[in-house]
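Student: Just so you know, the protein sequences line up as chains A and B, in that order.
Read in order, the letters of the first sequence correspond to residues 1 to 262 in the numbering used here.
Read in order, the letters of the second sequence correspond to residues 1 to 280 in the numbering used here.
Hints are computed from structural coordinates only; laboratory data are not their basis.
Fair warning: there could be bad hints in the mix.
[What the hints assert, rightly or not] Partner residues aside, some chain B positions facing chain A, computed with beta carbon under 8 Å:
| no. | residue |
| --- | --- |
| 1 | M89 |
| 2 | E91 |
| 3 | Q96 |
| 4 | R98 |
| 5 | M99 |
| 6 | M103 |
| 7 | Y207 |
| 8 | F260 |
| 9 | F278 |
[Said to hold, decoys possible] One side only, chain A facing chain B, incomplete, derived with CB under 7 Å:
| no. | residue |
| --- | --- |
| 10 | G135 |
| 11 | D137 |
| 12 | T186 |
Quick reminder that beta carbons are idealized off the backbone N, C-alpha and C, glycines included.
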Amino acid sequence: MQLTLDQLESIAKRQLLAVQEYYLFCWQSVANLFRAPHYIADILTQADLIGVGSLPIVVLTGFFTGGVLALQSAASLAQFGAQAYTGRFVSLSMIRELAPVLTGLMVSGRNASGMASELGSMVVTEQIDAMRALGTDPMKKLVTPRMLSTVVMLFLLTIVADTVGTAGGAFVSVFISGQNGTQYFTSAYQALVWADIAQGLTKPLFFGFLIATVGCYFGMKTTGGTQGVGRATTEAVVVSSVLIIFSDFILSRAMLWLFSGI
Amino acid sequence: MAPPLPTNQAQVNTPISASDQVVVFESVSIRFNGPPVLQDVSFQIGPAETRILLGPAGVGKSVLLKLANGLLRPDSGRIFLFGQEITHMHEEALLQLRMRTGMVFQESALFDSLTVRDNVGYQLVERNLPEEEVSRRVREALQFVELGHTYDLLPASLSGGMRRRVAIARAIIDQPAFLLYDSPTGGLDPVTSHTINELVVKERDVYATPALLVTHRLQDAFTMATHHYDSEQGKMVQLPDGQIDPKTTFLVLHEGRIIFDGSTEALLASEDPFLKEFLA
């Protein structure tokens with residue numbers, strides 16, 4: 001019994017220490033935005049890798065999600081003679097909820113893993129130590145550019161997903177469900193209010209920050225050679241995905257309270 | 001014959017004056033989730049002095065090297081670099097201090113996504129020096145290690161020995177005031193090891209850069225102590241009449257402690273059972 005309690009205490013301490021380290025890591029990555037040197041070329045390179053590189057999967061995911069939403073909702077709404085509301089249903093679901101979360105999960109799967117494995121490999125081959133020995137701060141050179149690029153690019157990718165998702169819904173509504181295109185877009189447009197857009201575009205700022213900081217944190221803390229790199233990569237994807245879903249719940253609740261007083 | 005060198009005891013008794021020395025360790029200890037890796041380690045490195053750190057594999061030699069330029073922090077004790085205490089120095093200040101040092105890592109630690117040119121000129125690019133100056137100095141550094149033809153290649157296309165030489169070029173390009181070599185000949189064949197040893201001796205004798213060199217290969221260590229770089233012949237040659245380089249001295253690490261600190265002659269004359277077995 002004593003041993004079990006000791007083990008629990010040790011695990012709890014380790015977890016607490018990891019949270020503290022992650023918090024300090026996040027703080028440093030943000031504080032570096034205001035400290036020289038600024039690695040503009042690295043920020044642009046990462047923006048290209050994360051933003052442009054993720055565009056195909058975001059477009060495909062957004063289009064088919066919008067399509068399936070239209071397909072499912074049209075069938076249900078038809079029972080109440082409300083098929084004309086398909087556009088409203090799709091646009092609200094996509095813009096408020098699905099586009100930010102799905103884009104976040106897609107980018108997390110692609111980039112949190114990439115960051116963890118890239119930085120993890122650099123740690124185990126002593127490239128991070130070499131960088132420090134050459135007088136460069138790896139947090140400034142590697143982490144802050146990734147964090148900034150992910151936040152900005154996820155914001156833009158979410159707008160793309162919103163657009164493509166609504167278009168996917170229109171495609172299904174018009175060509176499969178036989179609805180009127182003008183009616184679909186009018187319904188989709190009229191349903192939207194400022195609060196919906198604000199809610200949908202605030203979330204990717206948080207999700208982008210989580211993806212980059214979690215990916216980089218697990219990468220920079222890698223130990224145990226190539227096996228450790230694999231472990232760090234898996235943990236980065238799992239933790240960032242769970243945090244996206246969890247923070248989505250918290251953010252949705254906060255936004256509803258802020259904009260609707262609910 | 002070379003002048004008599006200070007013995008182990010004489011060095012230990014010398015009062016430590018951190019400001020005169022390049023590196024000073026004062027009772028340094030460190031551990032990582034287990035028994036201590038280094039315990040109560042004290043030594044110093046003077047100007048133009050090359051200290052060779054010997055010891056069996058896994059004894060903490062690389063840890064000691066990383067402590068010397070602040071890549072690791074000790075649990076207790078004090079470390080001075082260029083007269084400044086780095087034990088608790090802020091990372092920002094340490095980065096500035098490290099720019100005056102050069103380090104060659106055990107597995108080279110070249111940035112695998114950058115070309116040889118960008119690896120060697122990394123520090124200069126970071127300082128935003130003009131492209132022409134970076135290119136010129138990179139070519140000079142590569143010339144020093146006789147690898148001028150690798151300028152545009154990626155590290156993946158180099159052999160182990162070539163990577164080690166590129167790492168040396170990267171370490172010396174900014175004419176550092178102190179060099180750290182972590183097993184520069186580890187895992188290399190005898191011919192390539194000789195080339196690397198020659199580069200280390202060349203750097204020592206041409207630029208008189210103080211250095212801390214880690215190795216577990218006794219032959220390499222004694223080659224450095226008994227040879228010098230002849231600029232006229234352009235190669236490393238043995239010192240005449242069995243002389244020993246007076247500025248090259250030894251430290252031996254065993255079970256986390258420095259068990260020997262002194263000259264080549266004192267090391268060879270030591271009656272310590274472990275040293276006798278280690279040197280046999």
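Student: Please go over all the hints and tell whether each is borne out by the structure.
Tutor: Hints, one by one, checked against the model:
no. : hint : verdict
1   : M89  : violated (13 Å)
2   : E91  : holds (7 Å)
3   : Q96  : holds (7 Å)
4   : R98  : holds (5 Å)
5   : M99  : holds (4 Å)
6   : M103 : holds (4 Å)
7   : Y207 : violated (19 Å)
8   : F260 : violated (27 Å)
9   : F278 : violated (27 Å)
10  : G135 : holds (4 Å)
11  : D137 : holds (6 Å)
12  : T186 : violated (50 Å)
When the structure is compared with the earlier hints, violations turn up for hints 1, 7, 8, 9, 12 and for no others.
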